[in-house]
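A.B. asks: Listed in order, the protein sequences are those of chains A and B. Sequential numbering from 244 applies to the first sequence in my numbering. Sequential numbering from 244 applies to the second sequence in my numbering.
Treat the hints loosely; a few may be bogus.
You can't tell identical chains apart in this list, so a pair holds if it fits in one copy or across any two.
Under the rule of at most 30 Å between Cα atoms (straight-line distance), these lysine-lysine pairs were calculated in the DSBU-like manner [claimed, not checked]:
(1) Lys374 - Lys259
(2) Lys374 - Lys343
(3) Lys347 - Lys259
(4) Lys272 - Lys340
(5) Lys347 - Lys374
(6) Lys272 - Lys337
(7) Lys259 - Lys272
(8) Lys259 - Lys340
(9) Lys374 - Lys337
(10) Lys347 - Lys337
(11) Lys340 - Lys374
(12) Lys374 - Lys272
(13) Lys343 - Lys259
In short, the hints are calculated from the structure, not lab data.
Each chain, written out:
There are 2 protein chains.
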Amino acid sequence: MEQRLTFITLGVANLKESIGFYENNFGWKPSAMSNEHLIVYELNGLFLSLYSRNALAHDALVNPDGSGFKGFTLAHNVHSEREVDDLVNHLRNKGVKVVKEPQKVFWGGYSSYVSDPDGNLWEIAFNPYLKLE
Amino acid sequence: MEQRLTFITLGVANLKESIGFYENNFGWKPSAMSNEHLIVYELNGLFLSLYSRNALAHDALVNPDGSGFKGFTLAHNVHSEREVDDLVNHLRNKGVKVVKEPQKVFWGGYSSYVSDPDGNLWEIAFNPYLKLE
Chain A
244 MEQRLTFITL GVANLKESIG FYENNFGWKP SAMSNEHLIV YELNGLFLSL YSRNALAHDA
304 LVNPDGSGFK GFTLAHNVHS EREVDDLVNH LRNKGVKVVK EPQKVFWGGY SSYVSDPDGN
364 LWEIAFNPYL KLE
Chain B
244 MEQRLTFITL GVANLKESIG FYENNFGWKP SAMSNEHLIV YELNGLFLSL YSRNALAHDA
304 LVNPDGSGFK GFTLAHNVHS EREVDDLVNH LRNKGVKVVK EPQKVFWGGY SSYVSDPDGN
364 LWEIAFNPYL KLE
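Please model the complete structure; the sequences and the hints are all you need to start from.
C.D. replies: Shown next, in the form of structure tokens:
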């Protein structure tokens, strides 16, 4: 099994609100693969999709009920501490909820967390040990 | 903000069990970035990490409590329906829980879902409209 992740799909409560978040706040552009039920953003070698939470659970044949911490985080790495600060301030000015203010972290990096409308946590991080393309 | 996802980190209940799942069942190899608390798999242009669920919540300054459907899925796409069947049977033989048997789906593809030890859902999918590299 190749070490490959093709899609990560977020099951969202309100598709319109989530589209607003990813397109107005993050400034991302949907791919031509998108339709009225599934929005797809092409990232670096993989796709992020937004889909109704209930429909997603139904597709996987699992119960859609769930609450609290979802047990995962997504990270968007940038090139410097300054870039973390600037991006988090930009998002804050757009009305995005900042869950953790930018700060130095024990592993030697500098990071912050923001939340999307469904509480999906995006870490905005600078990792001095990671070479970003 | 570039359309980039650098890391997806799964907060897991038992790191050893999760390592067993990803390394014995999926057959993935950890990257040199890994240490005893954080296991990192290098995928196609991004990294998947395993980290203690409580430590992950703590890092994001959120409450670790949560249950039920996590509201996201991960997809591993392959090149044919046959490859979906073969991979899912391989995983089943390794003891992996198959949540949804391989089947044709409404959007024109063919897919199955399996679960990791924390209930993270991996879709094993063939999408005839997607060109895999």
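A.B. asks: Against each hint, give a clear statement of whether it holds in the structure.
C.D. replies: Evaluation of the provided hints:
{"no.": "1", "hint": "Lys374 - Lys259", "result": "between (35 Å within a copy, 28 Å between copies)"}
{"no.": "2", "hint": "Lys374 - Lys343", "result": "within (24 Å within a copy, 38 Å between copies)"}
{"no.": "3", "hint": "Lys347 - Lys259", "result": "between (35 Å within a copy, 28 Å between copies)"}
{"no.": "4", "hint": "Lys272 - Lys340", "result": "within (21 Å within a copy, 36 Å between copies)"}
{"no.": "5", "hint": "Lys347 - Lys374", "result": "within (18 Å within a copy, 40 Å between copies)"}
{"no.": "6", "hint": "Lys272 - Lys337", "result": "within (17 Å within a copy, 40 Å between copies)"}
{"no.": "7", "hint": "Lys259 - Lys272", "result": "within (14 Å within a copy, 39 Å between copies)"}
{"no.": "8", "hint": "Lys259 - Lys340", "result": "within (18 Å within a copy, 34 Å between copies)"}
{"no.": "9", "hint": "Lys374 - Lys337", "result": "within (29 Å within a copy, 35 Å between copies)"}
{"no.": "10", "hint": "Lys347 - Lys337", "result": "within (24 Å within a copy, 41 Å between copies)"}
{"no.": "11", "hint": "Lys340 - Lys374", "result": "within (28 Å within a copy, 36 Å between copies)"}
{"no.": "12", "hint": "Lys374 - Lys272", "result": "both (25 Å within a copy, 20 Å between copies)"}
{"no.": "13", "hint": "Lys343 - Lys259", "result": "both (25 Å within a copy, 29 Å between copies)"}
Comparing the model with each numbered hint stated earlier shows that all of them hold.
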